[in-house]
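> Given next are the chains, with one letter for each unit.
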Amino acid sequence: MNKEYLMGNEAIGRGAVESGVKVVAGYPGTPATEILEYVSQYPEVHAEWSINEKVALEVTTGASLCHTRAMAVMKHNGTNVVLDFLMHINFTGVRGGLVLISADDPGAFSSQNEEDSRIITYLDAHLPVFDPWCPQEAKDMVKAAFELSEKTELCFVVRPVMRVCHARSPVSVEEITTVSREPSFEDDRHRFVMSAVAEPEAGGVLRPVLRHKWLNQKQPILLQIMEESPFNHIEEGEGNIGLVACGTGYAYVKEAEKIMGKKFPILKLGTLPLPKDKVIKFANKMKKLVVYEDSEAVVERLIKELLYDKNIRIEIVGRSGFLPTEGELSTSVVLRSMAALYPELEKLIPATKVLEVETPVRVRTQCVGCQYRGLLHALKLVIRKTHGIVSGDIGCYDAGSFPPLELQSTIFCMGSSIPIATGIAYSGNKQPVFAIIGDSTFFHNGVLGLLNAIHSQLDMVVIVCDNRTTAMTGFQPHPGSDIDAKGQPAVAIDAGKLALAAGATSAQVVNPYNIPEVLKALNKAVKEKGVSVVVASCPCYLQGRRTGDIGFTPRKVSLDAELCNGCKVCIDYFGCPAIHFSNKKATIDQTTCVECGMCADVCKRGAVK
Amino acid sequence: MNFNVLITGVGGQGNLFASNVLATYFMNKGYHVLAVDTIGAAQRGGSVVSHMRVSDSEIYSPLIPVGKTDILVGFETLEMLRNFRMLAADGMYLLNDYKEPTVLCNMELDVYPSDKNIKEALKNSGKKGYSIKATERARQIGSSLMTNVVMVGALCQLSSLLNSDEVRQVVAAKAPPKARELNLKAFDAGGSLMLEAMRQPVRK
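Chains as they are written, first to last, in the working numbering: chain Y, 1 to 609; chain A, 1001 to 1204.
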């Protein structure tokens, strides 16, 4: 068997390809993005960046109904978007193996929130969930999930966390088994037409209740599967405090063992539902259980419930308070908890040295050369004059909400900017409202908010940051791009024309590098009645420079120290990282400057030449 | 054998390439390798940390446990200082003497630590380490983008676990053909810088 140095996400993609997956759809989001990018290299796989995650799961379900193996890929926020559909396919079940990858980001390293998607997928939708501890297990779980999905007719969920998605290690690579299966579609309306209709054959019981019963009847079958699953096992060890190590919790518990030179009793868990007999067998020998899981106390509570029912009275602690209740698990978390349980182990925790020097934080900002710095600068000037409120959205341009610009007053989830602006306008507040949203986010969920706003006849400015790609996650195409996930030509949807067709007052298209042009457009838009759209259109600089498709003519600039009076407009109203400020003067760092020349328009003293 | 390298820097400095070179070198030697990078939110300019772990027995956590880093590599000064507590009791640091001010420092809301304070803090830490001007050297060679390769070249002289000639071959294989010569030049320059630094009295 060959081994390849793969990222966890690539291992997941490889597992799907080896399983003969034919349709993969998803929406980009850290930490899951590379999964779909990996499978899109295979000509036999139809890979699609869908408009949003709900569409991705619906597309893959359609394929599954034709007995084709399919996989939907998303991060936890996407799983939230999917919830409505998920609460229906759990009742209908699937045909061809269907796997949902729901990647979590404990610690919120690259997310607007922190959540545990096992709650939606298992506790809410009652679908089986695999929780891998390393890239190899993630791959094995994906392969098992396809098999079991067909065996049980249920959508299987694999929930990797960021440290599994992004870990790199040698992973076993097997041959790709081409499942020769002709697609076919047979009607089964009792299953696939979800409606509140009486079922004559069931004595008039309503169909949703009947399907709910079907899902409940699957649970004992799943229980049996998990009881025999290779993803759960018991390891013998010293003492009567049992460590329940779920997902990545297993990695950190084993690491702590290595550091402390100890062998603890471990129940390694990777599945939901839990293997009940195994849990009881393990718990029976213990006085106390500590449950390590990312990131909510899901398994901890399930074990409490199980042992209560079995009348086993032992103490069970974990993420509900004994361990930190937020943030990601780590070896340090396990080591500290072990020292709390066994004080004599305290001395085995590695000593650390904290430097006697303050280390200021590094707040994220737009890249050097980013076209949106010009747009945001112009918007800042307009806001200063009009005292407008800016509601923001998800994407690179969200850095406009951080210092120095501090423009967006709100950022929630994908597509919230326009509805929030609508509500502010409805409130009777007299300040003008601006919503700023990226192109990928606009198509994902923003367009409905725009239609809603246009229909309601309110006055607002909607700025669409159109860089033709999903830049934040590394340039994935979206419906506004002229290529698809496989690099093939695609129909690009024009956000501005869409807005005009829907009844927007205007849709001005501007080059965000051209600050005077953006200022003029924004000043016009804010005076108009109705919803005025401004499309800041220009390819992402980082992507465009690869092909020479950039929105400016390079222009070498330097700062004349004689003319600079230290007013800091270039720092506080623009904030390009290539402009440094010290000793009351600005300087341009020629190493990082990409010669966009925008700062020359920003400096009012003419010091940038 | 356990060997943990933590590479710290800011987005765009090429942590990942450096980490991949080391991982490939050790995998070719048959060791267990496990690595992870903090990537995602920022394309450029944010803090980036790469964990690279090597062992002759199974490694479980891709994250280096706090206090278990054998060599702490700083592509950027502040980012290395920020992660200093990751160092093992007998760990060493290798710093690129290069500073990228933060947004808040430019706004004069924060103060980037002064050379004097940094020097003093490192001295008081009691840790052994070296500081070299890798970015400056990379720029002289032709591109500041070569900072990471200069640092890998230097690292090979610092650690007895790294055979400079063999790592050099990995760099040659992994570099894009167009930039192969430049990469090797940077790698060699890093080695020379390090040997030069090691001839100076050790900062302790």
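If you're looking for bench data, these hints aren't it; they were derived computationally from the structure. Careful: at least some of the hints might be erroneous.
Facing chain A, from chain Y, some residues (calculated, C-beta under 7 Å) [unchecked claim]: (1) Lys353; (2) Pro360; (3) Pro404; (4) Glu406; (5) Val569; (6) Ile571; (7) Pro577.
Taking lysine-lysine and the PhoX-like style, the derived pairs with C-alpha atoms no more than 20 Å apart in a straight line are [claimed, not checked]: (8) Y:Lys584 with A:Lys1099; (9) Y:Lys585 with A:Lys1099; (10) A:Lys1133 with Y:Lys353; (11) Y:Lys380 with Y:Lys584; (12) Y:Lys310 with Y:Lys287; (13) Y:Lys278 with Y:Lys310; (14) Y:Lys3 with A:Lys1174; (15) Y:Lys353 with A:Lys1127; (16) A:Lys1116 with A:Lys1133; (17) A:Lys1029 with Y:Lys3; (18) A:Lys1119 with Y:Lys353; (19) Y:Lys353 with A:Lys1029.
The beta carbon of each residue, even a glycine, is placed where N, CA and C say it ideally should be.
> Please list, smallest to largest, the hint numbers that this structure does not respect.
4, 5, 10, 11, 19
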